[in-house]
Structures are given as structure tokens and as C-alpha cells.
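Quick mapping for you: the protein sequence lines, in order, are chains S and Z.
Numbered according to the working numbering, the first sequence terminates at residue 357, and the numbering increases by one at each position without gaps.
Numbered according to the working numbering, the second sequence terminates at residue 458, and the numbering increases by one at each position without gaps.
In short, the hints are calculated from the structure, not lab data.
Accuracy of the hints is not assured; some may be wrong.
These stretches of chain Z come out as covered by chain S in the derived footprint (C-beta under 8 Å, 3 or more residues) [to be verified]:
#: 1; stretch: 81 to 92
#: 2; stretch: 144 to 150
#: 3; stretch: 347 to 354
Among the chain S residues that face chain Z by a calculated CB cut under 10 Å, a handful are [stated by the list, open to error]:
#: 4; residue: T118
#: 5; residue: S127
#: 6; residue: Q140
#: 7; residue: G155
#: 8; residue: A214
#: 9; residue: A237
#: 10; residue: A245
#: 11; residue: H257
In this text the structure is predicted, and so the values were computed from the model without any measurement.
Backbone N, C-alpha and C fix where the C-beta goes; we use that ideal spot for every residue, glycine too.
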Amino acid sequence: MKQLLLFLTVGSLFWIAACKPDKQNDITTDIPVTEQQVLDDFANVIVNPNYQDLQQKANELRLAVVTLNASCINSNLYAAQSAWRAIRVPWEQSEGFLFGPVEDYNYDPATDSWPVNTIELDSLIASNNTLTLADIDSLQDALRGYHPIEYLLFGVGGSRDASELSVRKLQYLVSLTENLYNVVTQLRNDWDPNQPNNFTAQLVTAGQGSVRFATRKDAFLTIVGAMEHICNEVANAKMEDPLVALDSSIVESQYAHNATSDFTNNIVGLQNVYMGTYGSGSGHCLHDLVVAKSTSLDNDIKSQISICIAGLLNIDTNYGLAIYTQQGQIFAAQQQINILHDKLDLLKQFVETNITD
Amino acid sequence: MNRILIASLIFVAIVALSQCRKAEPFDETQYDERMSGGTQTAFDGTSHSFSHVFTGISEYDVALHGAGDAGFEQSFITAPATRNSGLGPAYNNVSCSNCHHNDGIGIPTAGDAQSSLLIRISVPGIDGHGGAMPVPGYGTQVQDKAVFGKLPEAKVNITYINHSYSFADGETYELREPFYSLTELYTPINGNYMLSPRLAPPVFGLGLLEAIPEADIIALADISDANHDGISGKPNYVWNPYKERKELGRFGLKLNTSSILVQVAAAYNNDIGITSYVFKNETSQGQPNQSDGINDDPEITDSILNAVKFYMQTLQVPARRNVTDAQVIKGKQIFKEAKCTSCHHADFTTEVNVAFPALSNQRIHPYTDMLLHDMGPGLADNRPDFDADGNEWRTSPLWGVGLFEAVNYPAYYLHDGRARTLTEAIMWHGGEAQQSKEYVEQLSKADRDALIKFLRSL
Numbered sequence: 001m002k003q004l005l006l007f008l009t010v011g012s013l014f015w016i017a018a019c020k021p022d023k024q025n026d027i028t029t030d031i032p033v034t035e036q037q038v039l040d041d042f043a044n045v046i047v048n049p050n051y052q053d054l055q056q057k058a059n060e061l062r063l064a065v066v067t068l069n070a071s072c073i074n075s076n077l078y079a080a081q082s083a084w085r086a087i088r089v090p091w092e093q094s095e096g097f098l099f100g101p102v103e104d105y106n107y108d109p110a111t112d113s114w115p116v117n118t119i120e121l122d123s124l125i126a127s128n129n130t131l132t133l134a135d136i137d138s139l140q141d142a143l144r145g146y147h148p149i150e151y152l153l154f155g156v157g158g159s160r161d162a163s164e165l166s167v168r169k170l171q172y173l174v175s176l177t178e179n180l181y182n183v184v185t186q187l188r189n190d191w192d193p194n195q196p197n198n199f200t201a202q203l204v205t206a207g208q209g210s211v212r213f214a215t216r217k218d219a220f221l222t223i224v225g226a227m228e229h230i231c232n233e234v235a236n237a238k239m240e241d242p243l244v245a246l247d248s249s250i251v252e253s254q255y256a257h258n259a260t261s262d263f264t265n266n267i268v269g270l271q272n273v274y275m276g277t278y279g280s281g282s283g284h285c286l287h288d289l290v291v292a293k294s295t296s297l298d299n300d301i302k303s304q305i306s307i308c309i310a311g312l313l314n315i316d317t318n319y320g321l322a323i324y325t326q327q328g329q330i331f332a333a334q335q336q337i338n339i340l341h342d343k344l345d346l347l348k349q350f351v352e353t354n355i356t357d
Numbered sequence: 001m002n003r004i005l006i007a008s009l010i011f012v013a014i015v016a017l018s019q020c021r022k023a024e025p026f027d028e029t030q031y032d033e034r035m036s037g038g039t040q041t042a043f044d045g046t047s048h049s050f051s052h053v054f055t056g057i058s059e060y061d062v063a064l065h066g067a068g069d070a071g072f073e074q075s076f077i078t079a080p081a082t083r084n085s086g087l088g089p090a091y092n093n094v095s096c097s098n099c100h101h102n103d104g105i106g107i108p109t110a111g112d113a114q115s116s117l118l119i120r121i122s123v124p125g126i127d128g129h130g131g132a133m134p135v136p137g138y139g140t141q142v143q144d145k146a147v148f149g150k151l152p153e154a155k156v157n158i159t160y161i162n163h164s165y166s167f168a169d170g171e172t173y174e175l176r177e178p179f180y181s182l183t184e185l186y187t188p189i190n191g192n193y194m195l196s197p198r199l200a201p202p203v204f205g206l207g208l209l210e211a212i213p214e215a216d217i218i219a220l221a222d223i224s225d226a227n228h229d230g231i232s233g234k235p236n237y238v239w240n241p242y243k244e245r246k247e248l249g250r251f252g253l254k255l256n257t258s259s260i261l262v263q264v265a266a267a268y269n270n271d272i273g274i275t276s277y278v279f280k281n282e283t284s285q286g287q288p289n290q291s292d293g294i295n296d297d298p299e300i301t302d303s304i305l306n307a308v309k310f311y312m313q314t315l316q317v318p319a320r321r322n323v324t325d326a327q328v329i330k331g332k333q334i335f336k337e338a339k340c341t342s343c344h345h346a347d348f349t350t351e352v353n354v355a356f357p358a359l360s361n362q363r364i365h366p367y368t369d370m371l372l373h374d375m376g377p378g379l380a381d382n383r384p385d386f387d388a389d390g391n392e393w394r395t396s397p398l399w400g401v402g403l404f405e406a407v408n409y410p411a412y413y414l415h416d417g418r419a420r421t422l423t424e425a426i427m428w429h430g431g432e433a434q435q436s437k438e439y440v441e442q443l444s445k446a447d448r449d450a451l452i453k454f455l456r457s458l
């Protein structure tokens, strides 16, 4: 009997010792990177360089259109089209953090509204109305920004030839790209640490006098909330709406057939935020905070981001066609992005639990 | 024996029944005062704090809310188009969210793509239902934009003059007085007309406000100030064009709309130029050369209108913050001592609704009495709207007011966004609130700061 008790006791001890808490809650070490460092680098390594890049690409687009206007030949048209595709990369990546000035001053709808109001745009071009920058500045959102520029540069079906660009269309393009450059510059300036009343100062002083963020936790919840928002936007609006309606006329970037690239860059933008990178720069980031507390959550998020990007790359025809011919790939990518959204919910819980000031 | 038995049974019954008590509400201290929207309270202090869907609703209802959210965001374009068709011909903006940014307040400008201030217009007199008398060729709202080939009805001009004032302790503050005028009228207006500016307000918590029992609102009314406290409180009875009857006004800055459905449908119609099953005709119908001549009404489907209505019905209320902070508690006491609570009524309980438990029997803290008050000549628009006279405005709900800067920066306050800070908003109060304003004027700097900190906790 004593031997049996001894066996059970020893066995129980081994069994208990073998039990491990859920990896998600596994505390591996103290957080070596401070929350302040992460906020500082979020602003200085990701957001500001991203918006600087956006401003530079807007300038390149503007200059390409000026060249096209001076000499309307196909090589200049293709250069302008390339410049349009190039600016979509930093813009869509910046949608990984759609908060602050971009939402305060509605820079997003002012530059990235679709579908284009083609009826009104065509009427405007066919009219004798002036098409100066001031005229374009006062137009409704669906008549200015990335997508009206895209409509004119690529045409329906993406088969634009330079010979189709009338003087009026070129005039409109010149003013449109000027308007876009000005709006993007304003967005960049609103974050620029060297400008008065910049938003960077609001973010990095979260919990220390910031008007916008009463606590650091609020700042982190805003960042994670923006990551969740773009997941939801991509999977359940940008991809879902044309798929459900089977309507390619409501696909984002439909004229340049750039939608899948847009979606992918949205997720890359989210990845930039999590991993603290933009271009060649890198800094302290959410990943550092998470990995110090829960390697399993960190691995889950990183691998799920990669799965989402791979899933989007599986859609290998233009999205307007894919909604008819590659629904399986679309469903799979949507599902993975929604799973990423759920992982980010856990990240939000992580912030709630671990960031207390 | 039988009599003894019967007497015993009666005695036992009386004793037993005497133990029965009607359920009483908890003592005030037993409630968690962070829960501004009852169980429909969102714990989020970020820029999306006004955008949370109700909890405890079905998966179908969550999807319906999502569809409404998409409708709320969707920009309309010129007809005829395959999708989102029907903008204008005359309009103020192209989507709901362009005015109600992040489901919050708008920007007090007019004429720009992101402008969120509109101008109501009327001539003296009342219409067939007791409402404002439309201006021939304009109706009751100035649409300051138009689709290609049509004319904006007018250009809205806004100018400000700054005035400096001092608190009793010498600290100065500035109020900017707005002036509104119309130029570039597309067709002349004969005679005098009245203008009333309206800034897009937040849209969360509307379902809960709609569910407050009418009797509880009326119980707070004191039209003739019978209790002589200087505060009246008047309900506005307004025309519901869908139900074709008069009802208690609950929404709009002068409480001129009785239901969320009519509020949403009217905004589609007046602000964006979209017809629906509630408002079947364009606002420009019958106006000289302003009709689009397209037979496409209703321009939104019933299901989209209903989904957007449901979206606005099911947005949670943000939780209060820092409720145990000593300065906030002090500020709350000052708010009461200044008699702000006479109009900014903190507590209501929504009616029991077995069909929609998420809205049912919720103890909420909107800080409004849902009534009209004379706010003095400084804020007066001098334009009647049903039973609201030219000095009267609704008591603005204060829930969420402390998050305006987080959700919509820079924040603006009052019916036309003239106030740039909470202090300015307080100091614009007059009329029935004159005594409260004067009370605040005499406060020490420390007490004023506490009062503001309390408001920022809402």
C-alpha cells in the first residue's frame, strides 16, 4: 500500500511538473524595450518615413504628368502610369495606421475615394469649365485623388493610348496631380516633428500631457485598432463588396488592375507597424514588447501576417476578373485575414494587460 | 375549528404577503457610473470610441449593423450610375461619414468637401404640420453644392468676431461670435428669410435615446416654470412624415425629428439628395431648372435605408473615464451646484422591450433631459422649428463630450461649432442657463479646472 501511495505521489508530481501553462500567457522575461521607445520609433521609423516617401512619390507623379502634358506620347504615358503605381505602395502601406491627421482632416476620402464619379468627370472634361488647381480643389472627393488620376491615365480596361488624351484631359491631370501633391504634403507636414503642432509630438507624449492620448495604453490601443481596422477593411469591404455583388466596377484601382497589389500593401503596412520597419529603417516595435512576454502570440501574429500576404499573392489575375474566376483563392485570403484580425484581438488584450500607464 | 383554520391561513397569508416588496432601484452608489450606455457601453478612449456595435445582439444583427456601416461610409455619385447613384442634384455632402467623421461631430465650415455645417432656411409662418415655412425655390435647407450642370442654391458665408471676457479671478477667455449669410443665390428670395446653422452631431447612443419612455421625458418638462427655478424645459411635438402624425421630437438640434428612421431618411434626402421610401421626392423637385429629370426614385433601396437606420440605432456609448479621480468627483459636485444638472439630466432608464433586449431596461447617463430650453440671445437662431422658438435649443447630450478631441480633432462644440473648448461652450450659455454661467464665472481657477476635468471624463 505504501509503495502504491509512493508511486501515486511521485507520479502526480511528475504529472504536475509536466503541466505547462498556456504558452500565450507564458511570461518569458521582463520587457526589455520600453513602451516609450516603441512609440518614439513608431513615429520616427515608420510613420514619418512612410509619409515622406509618399510625398516624394507624389512629386514624381506630378512631374511625370507635367512631362506627359508637354509631350503626350506613349512612353511618357507609361512613365506616368508607373509613377501612379509607385505612389500606391506607400499610400496603401500607410493605411496600416489610419489615425491622426489622416482621419482628423479626412485626407483619406479626399484622395482615395472610389468608385470615380465618371459621369460627372466626363461631363466636366467635355465642358468649357476651367480646370485650374483651384477648380479641382473644390471638387467632390470622387472627382479628385488617386482614382480619377488612374481613370485618366489608364482608361477603362487599362488600355489607354496617349492619343486618347485630349488637351482637357491633360489639363485636368496636371491639376489633379498638383492637388494630390498638396494634400499629401499637408499630411506629411501634420506629422513632421519639425512643424508646429505636429501629431508626432502628440503621440510620443502619450500619457505625459498629450491632448490626444490620455495614456500610453490609449496610444497603443489606437495603433492596434488601426491594424485591426485595415484587416477588416481589406477582407470585408475592399474584397467582399465586389465579390458579393459580382461587380468589377466597384473594385479599388480597377483601371490600373492594381487592386491585389493595394490589398497586399495594406497588409505589408500592418506588418511594418508590428515589426517596426519601413524601407531600410527599423526600430523598436510591438513585436519587441510581445516577444518578451509571449513568444507564442508573437509567432502567431508574424506567421499569420505571412500567410495573409501569401494568400493575396495566390490571386494571380486582376481582381476584377478574379471575382468571377478565382473565388476560391479570394475566399481563402479573406479567411486568413479575418484570422489575423482575431490574432490582433489577442494583441489588443496583450496591450490591455501589459501596458498600464 | 374551521374558523380557526381560516383565520390562521389569513394570518399566515398576511404575514407572507407583507414580506413581498416591489423591487427598488439600487442606491445611487451601487451603480458603476462609467456605464454611460448601460450594458451598451464601450470601453475605448481612442478615435474609434464612438464606433462600437452593440453587444449581445444576434449574428444577423451584427451583419446588419455592418451593412449599415458600409452604407454610412458610401459616397454617392451622379445619376445614372450602376452603383451609389443619385447624388443631388443639389446637396451638401456626398456621404454620411463625410459629415459625421468617425461617427462624431463635423467641421464647422461650409462649401468644402469635408464641411459638416448646413444651413436651415425658412420664411415667417408655419407649414401645414406646424413646422418651418419653406422658402419657395429652396425648401427648408440650403444645398450649397450641386452636380455638374446644376447650380448650388447659394454660397454660405461664415465670419467670426472675437470678444474677450474675464472670469472673476481675472483670467480672460475669448468667444468667437459667428455670422452667417448667403450670397450667389441661384434664384432670388422675395422678402425676409431666417437662417439656422446646424453642425453634424455625434451619432452614437441614438437607439438608447429613442428608447427613453416618453412619460419620463415629459415628467421633466416645466413649460411655465411652475417650480420657479428659472428652468422651464419644453418638449417639441413634431410631424413624422412617414407615420403621418405628430410625435415627441427626440433628435436634431432643435428636437425637430421624432425617430431615427426619419432622421436618417431626411439626412439622405436633404444633405445628399437621395430619395427613399420615406422621402420619395428630390428636394429640388419643382425648383427652376434644378431637377435631374431622371425617374430613378427611390434612389436607395429600403434595405439600405433600414440598415443605416439600424447602424445608428446600435452604436454603443463610450464609457466614462477617471470616475474615481478626486478632481473629477469635485467637478461633478460643482456641475451639480452650478445647476447644470437641471437640464443636463444624468439618468434615464430605457423602456422594457422584449423584442430587443439590448435596448431594454438600460440605465443610461446621457446628461440631457431631451427638452428644449431658452439659451439666450447669444445662441438664438431666431428661427422657429415646430414648438421650438427662436431662442430654444435642445439640451445637448454630454455623454462622450470628453472624447470629442480624441475622435474629431480639433473639437468643436455647440450647435454650430462656434465653441473651440469646453470652457467656451459653457460661457456661451445664456437664457435659462444664465445663472449657471454666472456661477462658473465666479469659480476659482481650481474649481473651473475640476469642472472641465469632470466634463472630460464623460
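Requested in this report: May I ask which of the numbered hints given earlier this structure violates, with the numbers listed in increasing order?
Outcome: The structure conflicts with hints 3, 7 and 11, although it agrees with all the remaining ones.
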